[in-house]
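Colleague: If you want the building blocks of each chain, they are given just below.
Number of protein chains: 2
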Amino acid sequence: MSGIAFAGARLNRADDLRRDPARLETLMDWRARLLKLDGLDPALDRDGGLEWGTLADADPSSELVFLGLLGERACFAEVAPRLIGSVAPPNPALWRALATMEHEDLAIYGAARSLVDWHARHRFCARCGQATKLSKGGWQRDCASCGAEHFPRVDPVTIMLVEHDDMLLLGRQPRFPPRRFSALAGFVEPGESVEEAVRREVFEEAGVVVREVGYVASQPWPFPSQLMIGCHAMAEDTALNVDRTELEEARWFSRDEVAQAMQGGEDGAFIAPPPHAVAHHLLKWWLER
Amino acid sequence: MSGIAFAGARLNRADDLRRDPARLETLMDWRARLLKLDGLDPALDRDGGLEWGTLADADPSSELVFLGLLGERACFAEVAPRLIGSVAPPNPALWRALATMEHEDLAIYGAARSLVDWHARHRFCARCGQATKLSKGGWQRDCASCGAEHFPRVDPVTIMLVEHDDMLLLGRQPRFPPRRFSALAGFVEPGESVEEAVRREVFEEAGVVVREVGYVASQPWPFPSQLMIGCHAMAEDTALNVDRTELEEARWFSRDEVAQAMQGGEDGAFIAPPPHAVAHHLLKWWLER
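Protein chains in written order, with the working numbering: chain D, 10 to 298; chain L, 10 to 298.
Hint data in this document are derived by calculation from the structure and do not stem from the laboratory.
Where hints are given, some of them may not hold.
Identical copies carry no separate label here, and so any pair may be met within one copy or between two of them.
As the list claims (entries may be wrong) - List time: in silico SDA-like cross-link candidates among lysine to any residue, alpha-carbon distance up to 20 Å:
#, residue 1, residue 2
1, 142, 131
2, 145, 99
3, 145, 209
4, 293, 277
5, 293, 225
6, 293, 275
7, 45, 272
8, 145, 213
9, 142, 132
The model shown is predicted, which means the values in this text are computed figures rather than measured ones.
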């Protein structure tokens, strides 16, 4: 599936350079680029593109994360001291900025945000409690005290269209903007396949039994670092038993209602998820199929 | 796809009980079951099934993890003090035991092993370095010092059959038993979709460019806690450039060679991955398709 936001970066991740501190060091010259961030949000130039500086712009006490190569030039992001321990949630201005950013900029920004946020919130060894140090160009943190190696976290999440009789089951989380409905979703737990996680989540959140779970598309989601695994499943019936601790509401929508919501506008049965969410692409896929 | 090991547990994870310490407490009576472990390995009864005891068998200083309900009975596993900080790798006896265990036992054991191992190696808050405490029946750890909540880790890994001209590209990791070849695999990184991770890993490990990446099946893998995402992709050509830091060898195998290896026996072109590995099921799927 094309057009999925936060995927499709042109950056070459060049993992061989991560393992070679001497070669990486030689790339950290005046040509290297530093991605400018405003906290964890993107800093945008006057054309709405990502703003880049040089390594001279970094706070000398920052850690630097190697994002990859754009052509010959090494790209970095900065784990600035002011971000350490920060847990600031995404804000409304960020969502507006995402809506205007270019596809490739979104992908570079998403990976950078996930990595910088991980370093900011993972300063200590979970095994022994001592301070850790960045290594492998920022793709690892090492504990000198107990020898543990820690890797950036990616949390797999299933997100699923549940279908019955040409209708879709969508839900509202309390934090959603008014009238927004989207696909049900939930984290994959230890000991579950993707298909089991889909069945468990739909039953837990909506009381619906599903079968014929199929994969549709995936998306990296940088708030903070999920792998969204988009699926489709058929419901046994339409009776709902909504878990109000998870969802404010869950409802079945007809194909016409979904089509109208996806055309935008405010007067449909609901407001669809925005194009940077994989749920938007799942709905588009379902309508076109 | 049916028959995938470590999936298919009959346990009801009952997440509503995790959030309700009072109700969970009432289930922790003489009827509750304790999964016996030998270190992190399964303790098996005389029939080769998982061995269960009662909560009275647990070390009083152990933490208890709620695995779920089997019928009316709550099932737990024990994070024993001797496991704390342990990083013992799986041993050959474990692989032999897995080969004889029932499908449902494997699934219960896999989830338990991942959870117990996570608690044993995540005693401290990665954000502030202070000690954390088990909460939500063992599906969370809380830091009283900074308020951070930590969740059991699940690391998504892509594992892929790469095809060209009715041949498959398989690789050998240095740690494999002699003559074993299996599907290439690698961790999904922050900022990547499943499809991007497949393309990057195959290019990094074998120098092969792939297209038409498709999802096939998934599997939870409890060593320590991966979500294996099985895929298929078409290679542009057969020229290889193998990364020797990752793979000892990579080779193309014909359909006949794959079929012969999957029939078992020692005289084929290679030895196929065992039935508890998702790669085994991917090869079977490819042969039958």
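Colleague: All the hints need checking, so say for each whether the structure fits it.
Modeller: So, going through the hints one by one against the coordinates:
For the homomeric pair residue 142 and residue 131, the shortest alpha-carbon distances inside one copy (10 Å) and between copies (17 Å) are both at most 20 Å. Taking the shortest Cα distances, residue 145 and residue 99 never come within 20 Å of each other, neither inside one copy (28 Å) nor across copies (26 Å). Taking the shortest alpha-carbon separations for residue 145 and residue 209, only the inter-copy value of 18 Å comes in at or below 20 Å, while the best intra-copy value is 37 Å. Proximity of residue 293 to residue 277 under the C-alpha cut-off of 20 Å is restricted to the intra-copy arrangement: shortest distance 16 Å within a copy versus 47 Å between copies.
With identical chains, the CA atoms of residue 293 and residue 225 are at most 20 Å apart within one copy only, with a shortest distance of 11 Å there and 22 Å across copies. In the homo-oligomer, the alpha carbons of residue 293 and residue 275 lie at most 20 Å apart inside one protomer (18 Å), although the nearest pairing across protomers, at 50 Å, exceeds that limit. In this homomeric assembly, residue 45 and residue 272 never come within 20 Å of each other (Cα to Cα): the closest approach is 34 Å inside a single copy and 56 Å across copies. In this assembly of identical chains, residue 145 and residue 213 lie within 20 Å of each other by CA distance solely across copies; the values are 16 Å between and 40 Å within a copy.
In this assembly of identical chains, residue 142 and residue 132 lie within 20 Å of each other by CA distance both inside one copy and across copies; the values are 8 Å within and 18 Å between.
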